[in-house]
Amino acid sequence: MNLKGKKIRLHDMSLRDGMHSIRHQFTLQNMQDLSQALDKAHVPLIEVTHGDGLGGSSVNYGFGLHSDREYLEAVIPHLQHAKVSILLIPGISTIKDLKAIEDLGVSTVRVATHCTEADVAEQHIKYAAKQGFDTVGFLMMSHMVKPEKILEQAKLMYGYGANCLYMTDSAGHMLPEDVKEKIGLLRSEFPDEIEIGFHGHHNLAMGVANSLAAVEAGATRIDGSVAGFGAGAGNTPLEVFAAVCDMYGIETGVHVNALMDAAEDVAVPMMGENLPRINRNALTLGYAGVYSSFLLHAKRAEEKHGVPAREILLELGRRGTVGGQEDMIEDVALEMLRKRGG
Amino acid sequence: MKIRCALIGPGNIGTDLLYKLLRSDVLEPVWMVGIDPTSDGLARARDMGLKTTHEGVDGLLPHIEADNIQIAFDATSAYAHAETSRKLVEKGVKVIDLTPAAIGPFCVPPVNLLDHLDKGEENVNMVTCGGQATIPMVFAVSRVQPVRYGEIVATVSSRSAGPGTRKNIDEFTETTSSAVEKVGGAAKGKAIIILNPADPPLMMRDTIHCITETEPQQDAIIESVKAMEAEVQKYVPGYRVKEGPVFDGNRVSVFVEVRGRGDYLPEYAGNLDIMTAAAARTAEMFAEQMLKA
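Read top to bottom, the protein sequences are chains A and B.
Just so you know, we're using our numbering here: the first sequence kicks off at 1 and counts up by one.
Just so you know, we're using our numbering here: the second sequence kicks off at 1 and counts up by one.
These are calculated hints, taken from the structure and not from any lab test.
Keep in mind that a hint or two might mislead.
[Stated by the list, open to error] Below are the DSS-like pairs computed for lysine-lysine, each with C-alpha atoms no more than 30 Å apart in a straight line: (1) A:LYS149 with B:LYS167; (2) A:LYS99 with A:LYS126; (3) B:LYS182 with A:LYS99; (4) A:LYS155 with A:LYS96; (5) A:LYS146 with A:LYS6; (6) B:LYS167 with A:LYS146; (7) B:LYS234 with A:LYS96; (8) A:LYS96 with B:LYS242; (9) B:LYS167 with A:LYS155; (10) A:LYS130 with A:LYS304; (11) A:LYS99 with B:LYS167; (12) B:LYS188 with A:LYS299; (13) B:LYS242 with A:LYS304; (14) A:LYS339 with B:LYS242; (15) A:LYS6 with A:LYS149; (16) B:LYS234 with A:LYS339; (17) B:LYS242 with A:LYS299; (18) A:LYS304 with A:LYS339; (19) B:LYS292 with B:LYS119; (20) A:LYS7 with A:LYS126; (21) B:LYS188 with B:LYS234; (22) B:LYS87 with B:LYS119; (23) B:LYS226 with B:LYS167; (24) B:LYS119 with A:LYS126; (25) A:LYS6 with A:LYS155; (26) B:LYS292 with A:LYS304; (27) B:LYS226 with A:LYS130; (28) B:LYS226 with A:LYS339; (29) B:LYS119 with A:LYS96; (30) A:LYS40 with A:LYS6; (31) A:LYS99 with B:LYS226; (32) B:LYS167 with A:LYS304.
[What the hints assert, rightly or not] Not close to chain A: a few residues of chain B, all C-beta gaps over 12 Å, as computed: (33) LEU114; (34) GLU181; (35) ASP206; (36) ALA230; (37) ASP248.
[Unchecked claim] Far from chain B, by Cβ distances over 12 Å, these chain A residues were calculated: (38) LYS96; (39) LEU104; (40) HIS255.
These numbers were taken from a predicted model, which means no experiment stands behind them.
All C-beta atoms, glycine included, are put in the ideal place defined by N, C-alpha and C.
Go ahead and model the full structure; you've got the sequences and the hints to work with.
As C-alpha cells, then:
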C-alpha cells in the first residue's frame, strides 16, 4: 500500500462526540483546555457542539452543561490554527439553531442524516452552502446499506450544495473492505474538488484500519478523537492514527508528539472513569451494528430497570433502530422487563 | 341531513381523509380539488362519486353556494394555504388546515376542540402528526400540575414521510414544539422527529417527556393519562400507551404507539392516520354544531 505523499485533513471529534461519554457535561474550562491542546498540535479542524449536534440538549439525549453558543464562544476566539465545525441533525435541530450561532466564526457546518434519508437535509445544506460555510453532508449508519445507496444519497447532498461528503460508521461495525468499497465508489463518482470523508468508531478496534482503508480509497478528511474520546468505545484514536499516517508518509500537518500530549496530559485526566474502552457493551454495539451513543443510555436503563444493557442493545439492533432513537432504549427495557414478568 | 364538504389536495392525506368522511354520519364529501388533471387521486375521488376540479381552489369557488359547501379541508402545502383559506373563508366556508401553515389556532381535539367551537373559529390548524399523537399526553400531565418543560420524540416510518414533510422538516419541529407549549401547556416545548427506514415498516411511535415543576403526583397523572388515552381512542382506535407513565425524579415519560386504521394508507402510517382522523373529528364536531343551529 503506497500512500506516501497523500495529503489529508484530520478532524477532531473529542469536543462533540466525546460529549456522549460524559453526558454532555464538559465545563467551559474543559473545552478551552482541550481545544488549546489540539490547536497547539496543529489539528486543522475540531468539532464543538452537544454530542447530538446543535439543539441536541434534551431529555432524550441529555441536557448539556452549557449551550452550544457558550461552548463555541469559549473556544473559537483562542484558536491560532484550528478551525471549528458544528454538527446539525435535521429533525433535532433547525436552521434557526444554526442562525443563532453563525456569527461566532464557525468554518464548517456538517449536516447529518441517516444513510437513507438525505432529503431531509435539503433546507439545511442549501442554507449553509449559501452562507459560504464549508458544508459537509454526513451519512450516518452507513453499514446498513449497499454502496449504491450511499452513492445515491450522497448525490442528493451534493445536489443541495455540500462540498464534502462523509460515509459514517456510526456503529463502529464496518470492516476495511466495506469502507474501501463505499469510499472508493464515492471518490470515483464525484468531481475532484468534492472532498470525501470517513468517520469511524472503535467498537471493534477497527478505527485506525478503517480510516487507513478510507485514505487508500481516496478519502481526504478523516475524523478521530484524541484518546478516542467519543461515543461507544470512542472514535478512531486521533493521535494513534496521526502516528500511523506519519509512518505511511501520509501528510496530515499535525504534530504527532503534541497530539499525544493532548491525549495523555489533557484529555485522559478530563475523562476519569469515563474513558471509553472496548468493554462488553461497546463491543456489542460494533458486533451488532448499533448506534454508538446508545451505550450509556442502555447502561442507565440497566441500572434503573435491571435489564442487561447488552440484551437491550441487541434488541435495538434487531429492530433496526437508527441514530437519535434513544427513546427506544427505556421503551425496550420496560417491554423486556414485562415479558419476563419482572 | 349532512354537512357538505370539499377536500383540497387529492394526495395520500386527502384520499385517506376521504375514506373517513365517507363513513361519517354528519359529513358528506362532495368535492375533491386538485391541480393536475391526470392525478390518480382525482380519478379515485371521481370513481367514488365526488365532483372534481383540477383548477385548484378557483375551480371550486363558483360551486360553493350551489353545492352548499360549508367545510373545506386543505391537505396541500403551507405555501398555498393562506390564499386558499382567504378565498374560502370569504365565502363563509370553515377551513380545516392540515398543512403546517398554522394561520388559524392549533386544534388538538381532546384538548381544545370545544374552545374552538365556542369561539366559532373560521380556520383551525391540525398542527402536525407528531403533535396530534403527543400533545394530548403533555396536556394529560399539565392538567394535573405545572409542566416546566415538555419534549416529544416522534418516530415515523420513512415510507410514511412524504416529500412535503422531508423538504420542510424544520416546520415540523418548530410547529410541534410551539404547540407543545400553546396547547399542551408546557412552559417550554421541544420536538424531535426521526425517520426510520426499517422494512417491514415500523408503526408510528412517540415518546412524551414532561418535567414537572414539583414532584409528580403519580396517581393523578396515571389516571389522567389513562383517561386521555381513551379520549384519543374515540377517533384513533389504534392509539395506545405502550409503556409508562415512567417517573424518574420530576421527569414523567409516556411511550405511545399509533396504529393506523388502514383506510387508504397502510396500518404502520399511524402518523398520517392520526392527522386525518383528528381533522375528521374536528369537522364532525363543527358539523354537529351547524346542524343544531
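Hints the structure fails to honour: 7, 8, 10, 23, 24, 26, 27, 29, 31, 32, 35, 37, 38
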